[in-house]
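Student: Below are the chains, spelled out letter by letter.
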Amino acid sequence: MNADFTAEELAFETEVREFLSAEFPANYQAKVNANIRLSKEELVNWQKILYRKGWAAPNWPQEYGGPGWSATQKYIFATEMGLIGAPEPVPFGMKMVAPVIMAYGSDEQKQRFLPDILESNVWWCQGYSEPNSGSDLASLKMSAVRDGDEYVVNGSKTWNTYGQYADWIFCLVRTDNTVKKQEGISFLLINMHSPGISLKPIVLLDGHPEVNEIFFDEVRVPANNLIGEENMGWTYAKVLLTHERTNISGVPRGKRRLRALKRIASKTDDGFGGNMMENSAFKNKLAEIEIELLALEYVELRTLAALTVGKAPGPESSILKIVGTELAQQMDELFVELAGYHCLPFVPEQFEDGFQGDPIGPGTAAASALVYFNNRKLSIFGGSNEIQRNIISKAVLGL
Amino acid sequence: MDFSYTDEQKMLQESVQKFVQKSYDFNTRNKIIASESGYSKDNWQLFAELGWLTVPFSEADGGFGGSAVDLILMMDEFGKAMLVEPFVPTAVLSGGLIAALGSDEQKSELIAPLMEGGVQLAFAYAEPGSRYNLASVATSAKVEGDTVTITGCKIAVLNGSNARKLLVVARESGDRNDRDGISIFMVDADVEGVSIQAYPNIDGKMSARVTFDAVKVAVTARLGAAGAAIGALETVIDRATVAVSAEAVGALEALLQKTVEYSKIRKQFGTAIGTFQALQHRMVDMFIECQMARSIVNRAAMKLDGGEDELEKARAVAAAKSRVGKAIRKVSQEAIQIHGGIGMTAELDVGQLFKCVTAIAMMFGNSDHHTARFGAL
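If you read the sequences in order, they're chains A and B.
In this text, residue positions in the first sequence follow the numbering used here: the first is 1, and each later residue adds one.
In this text, residue positions in the second sequence follow the numbering used here: the first is 1, and each later residue adds one.
The hints are simulated quantities; they were obtained by calculation from the structure and are not laboratory data.
There's no promise every hint is true.
Below, a sample of chain A positions facing chain B; criterion: calculated Cβ distance under 8 angstroms [stated by the list, open to error]: (1) A295; (2) L304; (3) L399.
With a straight-line cut-off of 16 angstroms between C-alpha atoms, the simulated EDC-like cross-links for lysine to aspartate or glutamate are [to be verified]: (4) A:K53 / A:E88; (5) A:K283 / B:D368; (6) B:K326 / A:E288; (7) A:K285 / A:D217; (8) A:K394 / B:D285; (9) A:K394 / B:E261; (10) A:K311 / B:D2.
Just so you know, these numbers come straight off a predicted model, no measurement behind them.
Where a beta carbon is used, it is the ideal one built from N, C-alpha and C, also for glycine.
Just need the whole structure built from these sequences, with the hints factored in.
Tutor: Okay, here's the thing in structure tokens:
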């Protein structure tokens, strides 16, 4: 039993580290460190830098332009990206719709969509949730009615992250009302520039319109945008949900944030002449978080080790989302606690690109509450943590 | 990277599993606990024949190899079966100290007989006021010529009433909490001035309170150099800490499994209680705790087996015991709760597993102790 990388893997780790240190733009790094959101153009530019290196889509098979990495290489790449805080690929195209197109799309659809996803020429968003379909996703109502060579789509989708940037949306739509709810759902790709689509931004607790509600009013969609067979969409979507079971723990990002917590704590007055690293209550919380990270890292490595010897991920992999998100949220709390009074100012614009005013500090303290608010989403999205527990209960414990 | 066991390790694991299935059911265990010595001498002899007692020792000392991964895979199975035989006090603690500090003569006198099953040992380190600080030693050792006089009181001496020899931590010099000045002496259990008050622990294992009233031993009974035992003491305790953490992981997984099984057959309101989401999610959380605990114990064992960085090893052990302590509370309490009234009864194994892991939670320092230690290292 060992957790060591091979010499080749270590060499790869060095290659990735050196590439990222040379190619991740310094001004982006500065923004990430200062908690300033990267713009759409910056995210796309970074993605294109990765594309030119051939590393845009770590999880794609080589035949579609992926790098053909082993599970360990993917892990190393994700780890190095997380450690410096480089943004991961915007997931909607690369990680969500592309695997479905690869698995169930026609050759024509593969050629039409995949290259542009790989090159980040188009921005995708996800059309799953609806105002009345959250965790009970299969109850969705947005309808698509076949009319000749087209579907006519009516209804609305919500929580569409960065829908304001999107060129395309992949949707689950209802194509049959007469059968069991899971059996009347289809997987449809819709051009966001189609007539009849309108967007309403939703401002979240941190003051940022990160998500949207999208309305579809008699939107006509070519029938050749249907993936696979009509009424099979639920099956396809479920495959997508189980597609990526590793590199989802957020451990590297957590390590980076832990370093930040220690750095900030050592510079934060405790009010009694010392600093917060000398505050035993805070220090113990920090130690507990670090221990939790170590445990989670080894849960993930156990999963990875199983993959490298050709086994399927074991039951341990199913907890990565739950523990990873809850741990990230605990770290958010520590940033808020460290900030003290300095977490109170609500000036979200100072963490937007191009802010010209006099920032309220110190450092990123005034971002701590904003991040804390925003990250409450982590345990809600991607299948809420309660849904994850339902899945483990059924699939692992057999209940 | 490879988290699987080697063929040799799989054989060891199968050997333990086979024994437990065939010869260590719950009733048999209860009879062993009720016996005078509180463990089975026949079992102990069998462990020797199966080679289990060689596992903690290096090949140089005639052992199986002494890897921590070997150790945790055995302890894992011991934990599932709630084995009460004194493997940790005799082989891991006492054997580990003799291997670490003993002269060639001391080693040949004790290690081979130990591996053959012919000798029981106990390690007396904790004191009424020491809590988990290994350097807190009030027991005194006064050297005059070739004779050492030991006076003091030791608690939580596992296997103390069955041991032929006691390994006693005593202070030759310095103040009570100094790291320097601490030695370990081997004292025959039957010499004058040693009094042993034996009792069973909450987990069914035999323990003792041992007082030393001006006990005289030869200075040659000292293990290692005078006053310089603290390093080896910490190293050996750390190894034992990982061992009992693995024992806890085995027991916690047994608790989870038994709870899930019970929830599938126990019916209330006309349905199996395992269909209730309120209980399902709690069992999932128990599962999460087990996975986190197993992962961090594996990590600690791998760290102990690799590299020379002593600080990294100590941090890995502290992290493991801290995390396992939390898992123990959560999993064992929920197991009792979900079983309901039947979980409260002494006749069911679930309650005994609860008591076993509760004991482990305190052994060699509780969760808070190791969290603070991790933060300070």
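Student: State for each hint whether it applies.
Tutor: Results for each hint:
Given hint, A295 of chain A at the interface with chain B, holds; its Cβ is 4 angstroms from that chain's nearest Cβ, closer than 8 angstroms. Because the closest C-beta pair between L304 of chain A and chain B is about 7 angstroms apart, less than 8 angstroms, the hint holds. Evaluation of the L399 of chain A hint against chain B yields a held restraint, the C-beta minimum of about 5 angstroms falling below 8 angstroms. In summary, the hint linking K53 of chain A to E88 of chain A is supported, as the alpha carbons are separated by about 15 angstroms, within the 16 angstroms threshold.
This hinted pair checks out: K283 of chain A and D368 of chain B have alpha carbons roughly 12 angstroms apart, not beyond 16 angstroms. Of the supplied pair hints, the one linking K326 of chain B and E288 of chain A holds, its CA atoms being roughly 10 angstroms apart against a limit of 16 angstroms. About 51 angstroms separates the Cα atoms of K285 of chain A and D217 of chain A, which puts this hinted pair outside 16 angstroms; it is violated. A threshold of 16 angstroms between alpha carbons decides the hint, and for K394 of chain A with D285 of chain B the separation of about 13 angstroms falls inside it, so the pair holds.
Among the hinted pairs, K394 of chain A with E261 of chain B is consistent with the structure: their alpha-carbon atoms are about 13 angstroms apart, no more than 16 angstroms. Taken as a hint, the K311 of chain A and D2 of chain B pair is honoured in the structure, with Cα atoms around 12 angstroms apart against an allowance of 16 angstroms.
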